[in-house]
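K.L.:
Sequence:
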Amino acid sequence: MSESEGRNRVDLWLKHVCLFRHRAEATDACRGGIVKLNERRVKPSAEVRLNDVIEVTEPHYRRYVVLAIPDKQASKEAAREMYRDESPPQPPRTFVPEVAGRDRGAGRPTKRERREMEKWSGKDRG
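Quick note, the sequence shown lines up with residues 17 to 142 if you use my numbering.
Treat the hints with care, since some could be wrong.
[Unchecked claim] Distance condition first, Cα-Cα at most 30 Å in a straight line; then the derived DSS-like pairs of lysine-lysine:
(1) Lys-52 with Lys-92
(2) Lys-92 with Lys-59
(3) Lys-59 with Lys-88
(4) Lys-135 with Lys-88
[What the hints assert, rightly or not] Derived Cβ-Cβ restraints for the label pairs, each shown as a range:
(5) Ser-91 with Lys-135: 44 to 52 Å
(6) His-38 with Ser-103: 19 to 27 Å
(7) Arg-120 with Ser-91: 39 to 47 Å
(8) Ser-103 with Arg-37: 44 to 52 Å
(9) Arg-37 with Thr-110: 26 to 34 Å
(10) Arg-128 with Pro-105: 40 to 48 Å
(11) Trp-136 with His-38: 34 to 42 Å
(12) Arg-100 with His-38: 17 to 25 Å
(13) Arg-57 with Arg-120: 42 to 50 Å
(14) Ala-94 with Val-69: 38 to 46 Å
(15) Arg-79 with His-38: 16 to 24 Å
Calculated directly from the structure, the hints in this document are not laboratory data. Source: prediction; values computed, not measured. The beta carbon of each residue, even a glycine, is placed where N, CA and C say it ideally should be.
Make a model of the complete structure from these sequences and hints.
P.N.:
Given below as C-alpha cells:
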C-alpha cells in the first residue's frame with residue numbers, strides 16, 4: 017500500500033498495474049475521456065480507492081475493479097492480482113479476404129487493376 021492510505025492517482029494506478037505503458041499515455045487517456053472512474057469522466061489526478069470501478073473505452077471496452085493499490089511499478093504477474101477484469105467478452109474477429117484476388121507472383125498490377133484495388137480498399141489518391 018502507498019503512504020496515502022490506499023489512495024492513488026488514476027493515471028499512476030493505470031501505469032503501475034501495466035494497463036498503459038507510459039504514464040503520459042494514461043494521462044492523455046484520462047484527459048480525452050477514454051478513462052472513467054465509477055462511471056464518471058475523470059482528471060488524471062483523481063483518487064483511486066479500493067473497489068472503485070475503472071472503465072477504459074478504447075480500443076475495446078474494458079472494465080476493472082480495483083483490488084489493490086501499489087506504491088510502485090508492479091510486475092505483470094503481480095499487477096494482474098491488483099484488479100479484477102469484468103470486461104464483457106470481445107466479439108470474434110472476422111477474416112476479411114483480400115480485395116483484389118491476384119495470384120502471388122503475378123507481377124505488378126496494371127493501372128486499371130490498381131485503380132480497382134484502391135476503389136475497394138478506400139484509398140483515394142485525390
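K.L.:
Against each hint, give a clear statement of whether it holds in the structure.
P.N.:
Hints and how they fare:
Pair hint Lys-52 plus Lys-92 holds up; C-alpha atoms about 22 Å apart against a cutoff of 30 Å. Distance restraint check for Lys-92 and Lys-59: the Cα-Cα separation of roughly 25 Å lies within the 30 Å cut-off, and the hinted pair is therefore satisfied. Note on Lys-59 and Lys-88: the hinted pairing holds, with a Cα-Cα distance of about 20 Å set against a maximum of 30 Å. Between Lys-135 and Lys-88, the direct Cα distance comes to roughly 51 Å. Violation of the 30 Å bound is thereby established for this hinted pair.
In this structure the hint that Ser-91 and Lys-135 lie 44 to 52 Å apart at CB holds, the actual value being about 49 Å. At roughly 22 Å, the beta-carbon separation of His-38 and Ser-103 lies within the given 19 to 27 Å, and the hint holds. A hinted range of 39 to 47 Å for the beta carbons of Arg-120 and Ser-91 is consistent with their spacing of about 43 Å. The supplied range of 44 to 52 Å is broken by Ser-103 and Arg-37, whose beta-carbon atoms lie about 19 Å from each other.
Arg-37 and Thr-110 have their C-beta atoms about 28 Å apart, which keeps the hinted 26 to 34 Å range intact. The given range of 40 to 48 Å is respected by Arg-128 and Pro-105, whose C-beta atoms sit roughly 44 Å from each other. At roughly 37 Å, the beta carbons of Trp-136 and His-38 sit within the given window of 34 to 42 Å. Separated by about 24 Å at the C-beta atoms, Arg-100 and His-38 satisfy the suggested range of 17 to 25 Å.
At about 49 Å, the CB distance of Arg-57 to Arg-120 agrees with the hint of 42 to 50 Å. Between Ala-94 and Val-69 the beta carbons are some 21 Å apart, a value that contradicts the proposed interval 38 to 46 Å. Between Arg-79 and His-38 the beta carbon distance is about 22 Å. The supplied range of 16 to 24 Å therefore holds.
Violation of the numbered hints given earlier is confined to hints 4, 8 and 14; the remaining hints are satisfied by the structure.
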